[in-house]
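Colleague: Sequence:
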Amino acid sequence: MRRKLLIEKQWQDLEGLDSLLRELPDIPESRITHRLKDKAMSLVARLRLGDQEMVAKRYRCATPMKRWTRAVRRSKAWRSWWACGRLAELGIPAMERVICFEHRVGPLQFDPVFIGTWVSGPNMIEHLTAEHMNEARVLADAREIIARVGRIHAAGLAHGDLNWTNIRFSERGPTFVDLDDTRAYRPGPRRDYRMTRDWRVLIYNWRDRPEMAELFRELVREHLGDAAYERVMARPFRS
1 MRRKLLIEKQ
11 WQDLEGLDSL
21 LRELPDIPES
31 RITHRLKDKA
41 MSLVARLRLG
51 DQEMVAKRYR
61 CATPMKRWTR
71 AVRRSKAWRS
81 WWACGRLAEL
91 GIPAMERVIC
101 FEHRVGPLQF
111 DPVFIGTWVS
121 GPNMIEHLTA
131 EHMNEARVLA
141 DAREIIARVG
151 RIHAAGLAHG
161 DLNWTNIRFS
171 ERGPTFVDLD
181 DTRAYRPGPR
191 RDYRMTRDWR
201 VLIYNWRDRP
211 EMAELFRELV
221 REHLGDAAYE
231 RVMARPFRS
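Quick note: the sequence shown uses the working numbering, first residue 1, plus one each step.
Computed list of lysine to aspartate or glutamate pairs in DMTMM-like fashion (alpha-carbon distance at most 25 Å, straight line):
1) Lys-9 / Glu-53
2) Lys-39 / Asp-26
3) Lys-37 / Glu-126
4) Lys-76 / Glu-8
5) Lys-39 / Glu-53
6) Lys-4 / Asp-181
Treat the hints as calculated values from the structure; they're not laboratory data.
Whenever a hint applies, use it, and build me the whole structure from the sequences.
Modeller: Dropping the structure here:
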């Protein structure tokens, strides 16, 4: 196997990078500052390189069959790399890409790893329900989330996983993370479906907080117009 590495230029001289690259696709315990998820499909962990906080995602396959079926497709690590670059081009706040790693055998890819910058700050629910937030600020920040999702869609993209944990509030306002399900779509039913699903998931995040769910429904209606909003609400949530 040969190693395929993509490294964002601005991070190439980062302290400790060379030794980390030699260890990939493994992420040694000594480098992990906080384990965020460790499941059959992926390991997600925070790590520090020099004075920078990073997040690494090593993709796994639960079965040998999955390993081979995924080997013929673009890896989720590459998709994350592409999506981070695309949102940066659009000026939409998102995690920054640092490293994309794959083992390659001809056209096949194995053992993908993506490393990006850690976005500090509370997630969407933590931020909008914090005690210090007044009604006007909640409304302004919720409206900004809607506007930024709208900008993603206007570029022909769908985020693909607008779970509340994937929208964090940094110094740049609502900032998108976990972009491995982000895709570009040509005009047509599939694009309409994926964008509609983004809106449904965004509203579904508030299923346990009726007042916030109503606020997001009204803001989505305001953004989309009545006809498009009715299409969003016509499907079961999370479908």
